[in-house]
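**Q** Here is how the chains run, residue by residue.
Number of protein chains: 2
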Amino acid sequence: MNIIINPPKFAWPSLLQRPAFDTVSLQKTVREILNEVKENGDHAIIELTQQYDKVLLKDFEFDEVELMNAEADTPSALKKAIIQAAENIEKFHSSQITLPEIIETIPGVQCWRKSVGIEKVGIYIPGGSAPLFSTVLMLGIPAKLAGCKQIVLCSPPNVEGKLHPAIIYAAKLVGVTHIYKIGGVQAIAAMAYGTRTVPKVNKIFGPGNRYVTCAKQLVQEDGIAIDMPAGPSEVCVLADDSAHAYFVAADLLSQAEHGADSQVLLVSTSEVFVNKVNLELEKQLEALSRKDIAAKALQNSKAIIVEDIKDAIDIINEYAPEHLILACNDPMSVGNKIINAGSIFLGNYSPESAGDYASGTNHTLPTNGSAKAYSGISVDSFVKKITFQKLSKQGLLNIANTVELMAEAEGLDAHKNAITIRVNHLKK
Amino acid sequence: MNIIINPPKFAWPSLLQRPAFDTVSLQKTVREILNEVKENGDHAIIELTQQYDKVLLKDFEFDEVELMNAEADTPSALKKAIIQAAENIEKFHSSQITLPEIIETIPGVQCWRKSVGIEKVGIYIPGGSAPLFSTVLMLGIPAKLAGCKQIVLCSPPNVEGKLHPAIIYAAKLVGVTHIYKIGGVQAIAAMAYGTRTVPKVNKIFGPGNRYVTCAKQLVQEDGIAIDMPAGPSEVCVLADDSAHAYFVAADLLSQAEHGADSQVLLVSTSEVFVNKVNLELEKQLEALSRKDIAAKALQNSKAIIVEDIKDAIDIINEYAPEHLILACNDPMSVGNKIINAGSIFLGNYSPESAGDYASGTNHTLPTNGSAKAYSGISVDSFVKKITFQKLSKQGLLNIANTVELMAEAEGLDAHKNAITIRVNHLKK
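Those protein sequences? They're chains P and E, same order as listed.
FYI, in our numbering the residues of the first sequence are 2 to 429.
FYI, in our numbering the residues of the second sequence are 2 to 429.
Keep in mind the hints are simulated off the structure, nothing from the lab.
A couple of the hints might just be wrong.
Sample of chain E residues at the chain P side, in silico, Cβ under 7 Å [to be verified]:
id: 1; residue: N70
id: 2; residue: A73
id: 3; residue: S77
id: 4; residue: L79
id: 5; residue: S135
id: 6; residue: A226
id: 7; residue: L254
id: 8; residue: K338
id: 9; residue: I345
id: 10; residue: L347
id: 11; residue: A355
id: 12; residue: Q390
id: 13; residue: G412
Here are the computed lysine-lysine pairs in the DSS-like style, where the Cα-Cα straight-line distance is at most 27 Å [as the list claims (entries may be wrong)]:
id: 14; chain 1: E; residue 1: K277; chain 2: P; residue 2: K394
id: 15; chain 1: E; residue 1: K429; chain 2: P; residue 2: K92
id: 16; chain 1: P; residue 1: K145; chain 2: E; residue 2: K150
id: 17; chain 1: P; residue 1: K428; chain 2: E; residue 2: K39
id: 18; chain 1: P; residue 1: K386; chain 2: E; residue 2: K394
id: 19; chain 1: P; residue 1: K39; chain 2: E; residue 2: K394
id: 20; chain 1: E; residue 1: K115; chain 2: P; residue 2: K386
id: 21; chain 1: E; residue 1: K81; chain 2: P; residue 2: K115
id: 22; chain 1: P; residue 1: K429; chain 2: E; residue 2: K277
id: 23; chain 1: E; residue 1: K386; chain 2: P; residue 2: K311
id: 24; chain 1: E; residue 1: K338; chain 2: P; residue 2: K201
id: 25; chain 1: E; residue 1: K92; chain 2: E; residue 2: K81
id: 26; chain 1: P; residue 1: K303; chain 2: P; residue 2: K338
id: 27; chain 1: P; residue 1: K338; chain 2: E; residue 2: K429
id: 28; chain 1: E; residue 1: K92; chain 2: P; residue 2: K386
id: 29; chain 1: E; residue 1: K429; chain 2: P; residue 2: K277
id: 30; chain 1: E; residue 1: K386; chain 2: P; residue 2: K386
id: 31; chain 1: P; residue 1: K201; chain 2: E; residue 2: K311
id: 32; chain 1: P; residue 1: K277; chain 2: E; residue 2: K394
id: 33; chain 1: E; residue 1: K81; chain 2: P; residue 2: K428
id: 34; chain 1: E; residue 1: K394; chain 2: P; residue 2: K284
id: 35; chain 1: E; residue 1: K284; chain 2: P; residue 2: K394
id: 36; chain 1: P; residue 1: K80; chain 2: E; residue 2: K284
id: 37; chain 1: P; residue 1: K115; chain 2: E; residue 2: K92
id: 38; chain 1: P; residue 1: K10; chain 2: E; residue 2: K150
id: 39; chain 1: P; residue 1: K394; chain 2: E; residue 2: K338
id: 40; chain 1: P; residue 1: K338; chain 2: E; residue 2: K284
All values derive from a computational prediction rather than experimental measurement.
Ideal Cβ positions, reconstructed from N, Cα and C, are used throughout, including at glycine.
Next up, chain P with everything else stripped away, as it sits in the complex:
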């Protein structure tokens, strides 16, 4: 890690800058693939899968045998773990369901909001080095709780034309309604525009590489909603002398192993502590299977030593990390001063990996500083809140004058008239 001691405030923005996550340069290629699927549907998908995933599929649906095999091929200890995680995630996300509350703003004028599940949602689960069945839980469970009727999942097949059995097992467990072996841009296209086989969805969720992210941005221009902008995963740890250097090193490595572009930041009030962490990093790194990836991510990572906890909080709010671990004295009071972060882990026994898998919170979170304006995924992400209003005759009369005056001042006569015509009818 690069150690920076007491950087002046004006240097923070450049110090905290993430590497540019450019998708604009990919737009031409991605748009071509999107158009290909839009025009040639299932046929294009088969071809693109052969080209990019190196496997020629007859089709990309599952038959009953494959689904049954997936259950059998998932070790029972892992199934038990997935069920436990799913229960915790469901318990936390259930608390996010809101029921309508009728507000009478003035007598006779009742207003409320009702949450309605988005009818059709798409979930993308990347392939690559890690089979992210945990993300199936994190997206599928809130979708189900929200009341989404069609939950479509796409994930790229391996060279044998298969998905990891735990992905299929998790999908069945949480109530995904459609599973397809489709990856990359062609998966986003299939869910955005629909094909003979794949239903068109209203909103697309899930992580992916730069091509997938670019595809999500482009289909958004065509009116398909997406979960949030995506960038490489990040953790920031705030640690003082009350923290354990080997815990902190383990947490930093758990982020670093995601990818060479993972963002790892340590903010500390203690130079001695940072040096201890650096030694621990070297020691723990050796034992990791993804050592090379983690080492690369660490090369670009920073440890910032600050004067006091106030500066630490200010730096963190400027950075707006996806994950923030508060391994410091009184983490609760520090946490209450954080205004920009995706998810906050309090104290020495709340590692990020608890939340990544099983504590119950969601692990799909805003990266790349977007925690300044975006929340992580929740049941909210899978519903629309429709407003309702019901005016009694008296209610209408009670606000008539207000509406008439405002409509007139905005020069909108017909708006005014919709009120006046009713008032006149009632006064007849």
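Given chain P, work out where chain E should sit, using these hints.
**A** Chain E alone, transformed into the frame defined by chain P:
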């Protein structure tokens, strides 16, 4: 209105299609203006204002005298109406504030969400034919309730270099912190990138023409959040024989007067009723100041006559209107079957214009079918919900095995190790 009787289901999508709201063709022009402001800041804004708004400003800030004059120049009856509307809007939106609820998913594992206001938000209020001070209330009030610290408002000056006094009055009333005389793409650029005068914001809200909409889409690619995709305003009225034809005609006209591209749709189970509405439309149109605009919008509008209320509901869910007026028997039970709409108005005395101004609900709503995936503006739109978690030592031990198994199966050793290292420490 064009009357269509019992269209077959396969014809619905083409029948309900909105005119394409193309912004892609504008991207080059808009990107140039964005870059100009990004590079030359305040200076570029002065020049662009002279070019597009035909007024040369010394600067685009307000002095105290202008702010005081705005208050004096707003008639007191209108001020009273604005205050009444603001109170109702505040009452309804206050109910959207959520407090953290701690959920213990398993013993020792506590999770919760905390709403935190987005620190800096921008509000765009268009100029043009109507001074939309009502939109200032609809965006400023939830921003203030959410706890946003900087609320920046931009609106184009008229040829005398002024804003409508009611816009300034409403902005001061609801607690807007910065007001600038800047319009169009240059306003979006100023708020997205910041200039010497205008603070950079995290999220931009508000309606606008195609150029403004395109600018919002483009700055989104640069990481600035926006409220929602925008298109021309829409109303759908579902009416049966229990409705009043002159009420329905007035409601359709109140949408039609917004612009020639406004979308007006009548769905009815009764041909007789539709004919009555058509006669009323002609009669009421004559009296309107914006007659020409409304007449043009009506030329493109449709009345669809359906077999029964079930078909009506299905057609509406396919269309996903921004505003839906249910002028029919038992509107509550019909409303509960609607899954795609922005805001629903129940019964004969709940006209859209009540919600446009003063009932308390928000009037910034999803258009162009985006009600299938988006909600209207609420306090939710101005907050991020940060998740927190706190594990006790026992809590960590309770989920340790689950996390370890899942991390291992995903091939993420370092994630597993962040747990194991703590478990070993506790078992020492």
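**Q** Are there hints from earlier that the structure breaks, and if so, what are their numbers?
**A** 1, 2, 3, 8, 15, 16, 17, 18, 19, 21, 27, 36, 40
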